[in-house]
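Dock chain R against the given chain G, drawing on the hints supplied.
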Amino acid sequence: KAGVTQTPRYLIKTRGQQVTLSCSPISGHRSVSWYQQTPGQGLQFLFEYFSETQRNKGNFPGRFSGRQFSNSRSEMNVSTLELGDSALYLCASSLGTLGMNTEAFFGQGTRLTVV
Amino acid sequence: QQQVKQSPQSLIVQKGGIPIINCAYENTAFDYFPWYQQFPGKGPALLIAIRPDVSEKKEGRFTISFNKSAKQFSLHIMDSQPGDSATYFCAADSNYQLIWGAGTKLIIKP
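As given, the protein sequences belong to chains G and R, one line each in that order. The first sequence lines up with residues 1 to 115 when you count with the numbering used here. The second sequence lines up with residues 116 to 225 when you count with the numbering used here.
Extracted from the complex, chain G is given alone in its bound form:
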């Protein structure tokens, strides 16, 4: 059974640009959640999608957005990149929604560097 796949693995962008990250969940999983991980801040929840609907959103500015497609694949977009957006972006998929005592399976992440 294939795991969670995130693409690309590494990305370098310039301030002001926008970026789109992709996440393919485990087959059959309908929930995809996104996290930002930085060395000093741990795992910061961005948002969760379940069956193409955003179910929950963390405390991030509107520059961070996402969507989920009918096949459960999800994309995350960050517009007008800032240096502080440099981080590891992790995607997790689960069978049920977060908060339903369900295990979250993480991808290896996309390392975004903004210069």
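The reader is advised that the hints may include incorrect statements.
Unchecked claim - Per the computed footprint, the stretches of chain R lying under chain G, defined by three or more beta-carbons under 8 Å from a beta-carbon of chain G, are:
{"id": "1", "region": "138 to 149"}
{"id": "2", "region": "158 to 166"}
{"id": "3", "region": "213 to 225"}
What the hints contain is simulated information worked out from the structure, not anything from laboratory work. Every value quoted in this text rests on a predicted model; they were computed, and no experiment measured them. Virtual Cβ for every residue (Gly too), placed ideally from N, Cα, C.
Here is chain R on its own, set in the frame of chain G:
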């Protein structure tokens, strides 16, 4: 009320020692407490989890102790090995979201 406070931030233990990582929460609606382990370059992976109706759960060398009245739970690693060196996250799950602790970077010295 939605926070999960994790300590210590980092921990160095000799091989064979028993590192202990602690987490505390406020929201009594939390009903599921997982621990995730993350190795460098990898995403976190579920290690062990406990529900509040149980005071202790063991899986191999990993044990969760749960104190419902104190709203605290902790992870113990018995006979720790250098391969256990990783970052550990506790989390708390209510009926609508998963709240994460800040993480503990554990180093087991040979």
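Going through the hints against the structure:
Given as covered by chain G, the region 138 to 149 of chain R passes the check, having 3 residues with a CB less than 8 Å from a CB of that chain where 3 are the minimum. Only residues whose beta carbon comes within less than 8 Å of a beta carbon in chain G count, and the region 158 to 166 of chain R has 6; three or more means the coverage holds. Only residues whose beta carbon comes within less than 8 Å of a beta carbon in chain G count, and the region 213 to 225 of chain R has 5; three or more means the coverage holds.
Checked against the numbered hints listed earlier, the structure breaks none of them; every hint is satisfied.
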